[in-house]
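**Student:** Residues per chain, in single letters:
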Amino acid sequence: MCSGDQNSVILATAGYDHTIKLWQAHTGNCYRTIQYTDSQINALEITPDKKLITAAGYQHIRMFDLTTSNNNPLVTYDGIQKNITALGFNDDGSWMYTVGEDGFARIWDVRSKLQKPQKMFEINVPINCASLHPNTSILFIGDQSGTMHTWDLRMNENDQIVPEPECSIQSIHVCPNGKYVAAVSNRGALYIWELLGDHMSQLKPYYKKIIHDKYALKCLYSSDCQYLATSSADSSIKIWNTRDMSLLKTLRSDSTQRWVWDVSFSSDSEYIISASSDNMARLWEIESGTVKQKYAGHQKPIVCLAFRDPLMNR
Amino acid sequence: MALMDDRAFLVSHVRNSFITGDDTSMSELVLDVDESSGERHSRLSTNDSKRPNTWHITRGDTSDTDSCCELDTELPNSYDIVPDMDFASHRRRSNTAQRLEILQREKVRQSKIKHVVWKDVTTPPDPTLFERKPIKIQETGNRISLLTKLLAEAGDGRTNHFSDYAKYNGKMAPAGTGTKTIEIYFTMTTDNLRLMNICIIANATVQNLIGLSCYLYSQSNKQPQLKDSIDRYSLHIVDDDGEVETDFPSLENKEPISKFGFNKLALVENSHEVIEDESVFITINMPGRGLSRFSVSPKQSLREILEKVIERRRLLTVKGLDYKFEKQDDPGVTLNIDSQVCNLDTTELCLIRDNSVRGDIIQDGEMSTVNLNPDSYRSYQVSMVNKLSWHTPYQLGISGEKIEIDPVGNGGRMFRTASKAVSHEIRNVKACYLAENKSSRVIIRLECITNQEKHIDYNFECDPETAGDIINQVNNILEIRGLGQNWDSMMKGRAKKLKKRNTLPTLFSTF
Chain A
1 MCSGDQNSVI LATAGYDHTI KLWQAHTGNC YRTIQYTDSQ INALEITPDK KLITAAGYQH
61 IRMFDLTTSN NNPLVTYDGI QKNITALGFN DDGSWMYTVG EDGFARIWDV RSKLQKPQKM
121 FEINVPINCA SLHPNTSILF IGDQSGTMHT WDLRMNENDQ IVPEPECSIQ SIHVCPNGKY
181 VAAVSNRGAL YIWELLGDHM SQLKPYYKKI IHDKYALKCL YSSDCQYLAT SSADSSIKIW
241 NTRDMSLLKT LRSDSTQRWV WDVSFSSDSE YIISASSDNM ARLWEIESGT VKQKYAGHQK
301 PIVCLAFRDP LMNR
Chain B
1 MALMDDRAFL VSHVRNSFIT GDDTSMSELV LDVDESSGER HSRLSTNDSK RPNTWHITRG
61 DTSDTDSCCE LDTELPNSYD IVPDMDFASH RRRSNTAQRL EILQREKVRQ SKIKHVVWKD
121 VTTPPDPTLF ERKPIKIQET GNRISLLTKL LAEAGDGRTN HFSDYAKYNG KMAPAGTGTK
181 TIEIYFTMTT DNLRLMNICI IANATVQNLI GLSCYLYSQS NKQPQLKDSI DRYSLHIVDD
241 DGEVETDFPS LENKEPISKF GFNKLALVEN SHEVIEDESV FITINMPGRG LSRFSVSPKQ
301 SLREILEKVI ERRRLLTVKG LDYKFEKQDD PGVTLNIDSQ VCNLDTTELC LIRDNSVRGD
361 IIQDGEMSTV NLNPDSYRSY QVSMVNKLSW HTPYQLGISG EKIEIDPVGN GGRMFRTASK
421 AVSHEIRNVK ACYLAENKSS RVIIRLECIT NQEKHIDYNF ECDPETAGDI INQVNNILEI
481 RGLGQNWDSM MKGRAKKLKK RNTLPTLFST F
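Order-wise, the sequence lines are chains A and B. Here the first sequence is numbered in the numbering used here, starting from 1 and rising by one per residue. Here the second sequence is numbered in the numbering used here, starting from 1 and rising by one per residue.
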């Protein structure tokens, strides 16, 4: 299976063992291992054209080719002081945002030949997470002081909201329909705001609840906005119905699963893939709540994954 | 290495390859002193006739002493040659050249990588980049994802039962991990498919290698398919042609692979008898009653183990008298009786009566009653000495009825041997005495007769104190049996008495 094929499933996992592993998602076979020297990997993202995989580590971001077997990076982004904690692309992959523990959110031009840095936003507090609104002009940023920042890229304006003092925002995700933004905190709380206004930049509190006993680590909407998944240090993943915020399923495997750092839905929301500290990624069938596949091969905790799963006609 | 008894060759070799990188010049000094020229000349000429070829550096058929000495004392010209740990291959190039080549390669590699360094933004950004875009919602509708389709197509056949072992794959390991490549012959398949090169991380065990081999074999869709458990397979030594050396037992599963020097091994399907090896040993401590060790499967529940204990130790089971397990190092916390052994993360358990706590059962006086009481069960840790003088750890269990001899663990042996648990009825035990008295350890001999009237001797090694206990206990039992009393009726009487007292029931074995 060629990973660069537009019509193939791509699953990549990475973490503390300095490697990115690419998996055949339905068989659990690892078909490629890319070494990421010098640092652990904090975040992974596949470019919208599915040709490159981008990994963020300590002080650098590297892009690797998915279409060939060249395991050397094609591009390295340097000049950052600390860990890069999250990254993402706009819809056509012309620019990339990164946020890091140095307290800066950066926009990189990745298409043009010069690839010059484009924009910067300073917060002065280590940043944990960021999510781009689907209209590609607002970036939501969560930091360790518990503040959520909205950065309007077009107007270059920003706004802050503190849902709860003295906590840390661990993950943010904007619903693909652009109407809601969800965030989770290290106290296990889930916050959802409704986005209002012409530019979807006004936030109205919509929902708040403690949903995990321990750190919540990730929140993610499914692509059809039907579900919201939250993962936690209590080694569980919870799937919520977005319509009434009722708990649909708690996915908790055998006793071996540990902190669940990252999750990703299949494009039809039938399955969810999780990355855990027990060096294992798992494929869950949401309806039955069972593990359908395990991805074993990492030597150390997996903290991030990237997944692309095209929709097909029946 | 056969050349190494040629001293001339050695000196020349050392001179030309190993000395000269030494800044302190100590090595040259050592060699020079040793070989100070005049002395050596004479030595050479006198010895030459007797020992031809020893001090010669043979160049063709020349045996000219002078020319060889000249050659010998010649100092090497190149200072680039430095000692290296790389014994395996003869390197012709210097270290500097190698290092330069690595740098060169890295430079070429780096030149292919585009570096973008963050600079503080001075120019205003291109405004077209951040246009607000209409939101497209992905409608799933009647469509399914490719993953769902692939999973449905693959069905259950997709599962590789050995995927837990994929992490030992050396080819997928992070850079810098030590690996070892071993040729594995799969004896269950046809000739042209049977050989696979398996690259495994260096600190894996034999069991990991079996698992990884099974994983890679299954992944390459070879036929026939493997059984779904690695317990069914073991690794054997092979000769150069890939024929299994049946004279040797299989490699011990728990040993690290680095311990063995083999480059070739064969994966062989076990016959059914050997499969039970996945068992674990559980130690059950009973306050005041010593301990028992059981070989159990990790899937067994504590309830099943309790039944085993009750059976073996013949504990009192009356209504209202229940037992509970605690972890040995965690007193006061009762374990769930239905939890499995593999989930306990300990193998040291403590069995106590319900409503009791450890320590309140035994008083000193009663302790000695137990020891002297011939019918109570006692167990001892000993090692059996066999003909090959291998010392295998055993548990010797002695009760009024029989003597049980159970193997314990595998004692770190390289190979599996068939160590079986046996038991002998007390009436078949003939004698137990001190066979040998060494300084710290003594050997006791136990003479028994099997049911087939065969005489059999066991030699156990243990410390003198245990030896004394065992001999006392066995002889005590034998003595009572020898008195010709009706043992059973005596025991029944004792049991009745106990029931009447209805105290401390765990102290005595009853029927």
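Rather than coming from a laboratory, the hints here were simulated on the basis of the structure. Treat the hints with care, as some may be off.
What the hints assert, rightly or not - Distance condition first, Cα-Cα at most 30 Å in a straight line; then the derived DSS-like pairs of lysine-lysine:
(1) A:LYS51 with B:LYS107
(2) A:LYS300 with A:LYS51
(3) B:LYS180 with A:LYS51
(4) A:LYS249 with A:LYS179
(5) B:LYS119 with B:LYS149
(6) A:LYS300 with A:LYS82
(7) B:LYS254 with A:LYS51
(8) B:LYS254 with B:LYS420
(9) A:LYS294 with A:LYS51
(10) B:LYS133 with A:LYS294
(11) B:LYS227 with A:LYS51
(12) B:LYS180 with B:LYS299
(13) B:LYS327 with B:LYS222
(14) A:LYS292 with B:LYS222
(15) A:LYS249 with A:LYS292
(16) B:LYS222 with B:LYS171
(17) A:LYS300 with B:LYS180
(18) A:LYS50 with B:LYS119
(19) A:LYS82 with B:LYS327
(20) B:LYS112 with A:LYS82
(21) B:LYS119 with B:LYS171
(22) B:LYS222 with B:LYS149
(23) B:LYS180 with B:LYS254
(24) B:LYS133 with A:LYS249
(25) A:LYS179 with A:LYS214
(26) B:LYS227 with A:LYS294
(27) A:LYS204 with B:LYS133
(28) A:LYS249 with B:LYS254
(29) A:LYS294 with B:LYS119
**Student:** Against the earlier hints, flag every one the structure doesn't satisfy and list their numbers going up.
**Tutor:** 3, 5, 7, 10, 11, 12, 13, 19, 21, 24, 28, 29
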